[in-house]
Amino acid sequence: MSEPRRLTLLKLGPDAGPEAALAAAAAYDELEAAFAGSVRSSARSGRGRLVVVGGGIVGLMSAYFASVRGYRVRLVERLSPGGAASGRNGGGVLVLGHTLDDVPFNRLSLRLWAELARAGVASELTVSGHVMLAFSEQEAETLRGAGELYLAAGLPVEWLDSSEVRRLLPHVTAEQRGGLRCPVDAQAYPFRAVSSLLSRLRDGRAELITHTRVTGFRVEGSRVRAVITEAGDVEADAVLLCAGPWSAEVGAMLGLPLAISPRRSQILVTERVATRVVHPFVTGNSIYLRQTHAGNLMYGGGGTWESQSFDTSSTTTAIARLTTRFLEVFPAFRGVQLIRAFAGTVDLTPDARPLLGRADGWENVCVAAGFSGHGFGWSAAAGAIAAACVARALGHEEPAAGVSRLLEPLAPCRHAPAARPQVRGG
Amino acid sequence: MSDGPELIVCRCEEVVVREVLDAVRAGCRTLQEVKMATRAGMGPCQGRVCRTLLERLVTLEAAPPEGAAGLTKRLPVHPVPLGQLVEEE
Amino acid sequence: MRITDHPLLPALSRREVRFSFEVWELVALEGESIAAALLAAGERVLRHHERTGAPRGLYCGIGHCLECRVWVDDVGTVRACTTRVEDGMSVRRSGFGGRP
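So the sequence lines, in the order shown, correspond to chains F, D and B.
Anchor point for the first sequence: position 98 equals 98 in this note's numbering, and the numbering is continuous, going up by one each time.
Anchor point for the second sequence: position 15 equals 15 in this note's numbering, and the numbering is continuous, going up by one each time.
Anchor point for the third sequence: position 83 equals 83 in this note's numbering, and the numbering is continuous, going up by one each time.
Mixed in with the good hints, there may be bad ones.
[Unchecked claim] Here are the in silico distance ranges between beta carbons for each label pair: (1) F:Arg167 to B:Arg92: 53 to 59 Å; (2) D:Glu88 to F:Ser313: 49 to 55 Å; (3) B:Glu86 to D:Glu87: 25 to 31 Å; (4) F:Ala122 to D:Arg18: 16 to 22 Å; (5) D:Glu88 to B:Asp73: 27 to 33 Å; (6) B:Ala41 to F:Ser163: 57 to 63 Å; (7) F:Ser309 to D:Glu55: 52 to 58 Å; (8) F:Glu32 to D:Arg18: 40 to 46 Å; (9) B:Glu86 to F:Val127: 42 to 48 Å.
To be clear, the hints were calculated from the coordinates, so they are not data collected in a lab.
Don't be surprised by glycine CBs; every beta carbon is placed ideally from N, CA and C.
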């Protein structure tokens with residue numbers, strides 16, 4: 001094991017402290033009060049035509065929550081719904097690992113994913129827990145400290161020593177030094193989640209316009225009146241941009257500088273394995289991994305070494321690197337066979353926090369993008385919050401002051417103040 | 001021996017004609033979308049056996065948009081034990 | 001069922017090779033594939049589908065479809081149609097795939 005271990009999925013900064021943890025716990029209470037139960041039609045807020053640009057998991061979730069609120073939703077997707085990152089991710093619905101600022105949102109998302117499952121949106125959601133492994137005494141100390149903060153932030157976590165980890169993960173390497181376990185983190189099957197949302201939406205909740213490119217917007221002053229597509233204009237009372245890494249391109253059509261850039265992240269999948277050999281979601285050693293509901297093992301891990309582009313080809317360098325790291329965690333799996341390597345494009349923002357809220361300079365445009373590699377897990381919260389942003393933009397609802405405060409740091413145009421919007425289209 | 005709607009299209013995931021047609025009827029328009037909805041093409045052979053039949057079924061039934069990609073072909077070209085893929089020392 | 005006289009392929013060696021399949025001790029001819037040896041022994045079921053349990057066996061015979069995958073002790077999952085029997089090999093139905 002030549003390289004130092006890396007806790008790449010532990011985002012807590014060195015400045016995270018007890019005060020911030022308590023604030024995170026309080027923040028979750030606010031979000032829960034505002035958004036728990038968003039799945040039920042008691043969340044109705046108003047009428048109007050919403051056009052969602054982008055049919056990934058965030059667009060689909062937003063369309064769903066907006067339809068629950070009573071909006072007439074049309075979703076425009078350039079290619080296949082869920083066909084990009086939404087169908088190429090690890091399936092984690094995690095809270096452990098996030099910054100304290102993001103913990104309350106991801107706790108909300110976890111809760112909403114469960115509500116959706118109970119409401120019949122099948123996703124193979126399994127509350128399997130999540131273990132983040134330490135491979136050195138220093139990492140163990142870092143994780144134990146992080147555990148204290150997560151507990152104060154309201155997330156149940158526990159430290160497991162190496163023998164406890166071994167009981168939970170019988171095939172894990174003897175080199176591990178324990179791990180931090182969160183019993184409430186979950187995993188889901190992206191294809192199933194997308195299919196299920198599509199089927200719910202198609203069942204009278206939304207009109208899906210797929211394989212259709214957005215080419216511009218028809219505007220009047222600071223209001224968007226329609227989304228212009230290859231197949232004609234789609235009239236809108238409000239627009240929601242959920243185009244993942246393509247959001248910058250779409251935003252530019254409205255003169256919006258959305259600071260989103262693409263980066264590749266590669267994933268590897270093995271043949272099905274006989275028994276349940278890995279139950280929780282596992283992170284550590286610079287990778288994440290899980291065993292799917294069907295029995296395949298999958299593992300992946302991106303980083304600054306990856307291609308900063310829309311390229312989704314698999315590379316032998318990454319296959320070798322990720323497999324080496326995977327086998328360092330589970331040496332017993334060296335005989336298991338790799339059947340597929342694939343990749344997706346992550347939408348990164350400069351501060352790794354999403355763009356979620358109303359766009360500057362436009363009365364009726366909201367954005368939900370830039371989830372920086374955590375979009376799948378974030379998506380349920382993103383959808384509920386985006387739908388609320390739409391309601392606010394249409395004047396149907398004023399969010400609680402506490403929620404507004406929490407959303408301020410996620411303002412879509414925070415990285416580059418929008419100049420006078422210049423519009424392409426018509 | 002099954003034929004008609006119960007004919008196996010994808011042997012690896014045991015997906016039959018009926019399921020493929022159901023997926024198309026539910027709104028799937030491309031091979032990739034059918035794969036996402038049914039798991040056809042996701043097994044160990046990665047579509048080597050079922051690709052042709054799937055393409056035919058989807059083309060006939062779904063009228064995929066022009067230029068729609070088929071099932072993507074990815075590494076590895078056949079299954080490889082993980083131990084053979086590690087970085088050189 | 002074993003092809004011993006083929007218009008193009010050379011005759012198989014007469015030397016016997018012993019291997020086991022599940023609980024049975026079987027005999028193959030040197031140079032035969034696992035699939036051919038099992039077919040000769042009357043065994044067509046090489047595995048069961050991981051989800052449905054349906055019996056599966058040789059299909060394409062050219063290493064393409066992976067239907068014939070079996071588990072060889074100390075080796076792992078192999079395609080029975082492209083893997084030669086070795087003396088002392090222990091072969092099992094792969095059932096649900098890899099067994100770490």
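Are any of the numbered hints broken by this structure? If so, which, sorted upward? Violated hints: 1, 2, 6, 7; rest satisfied.
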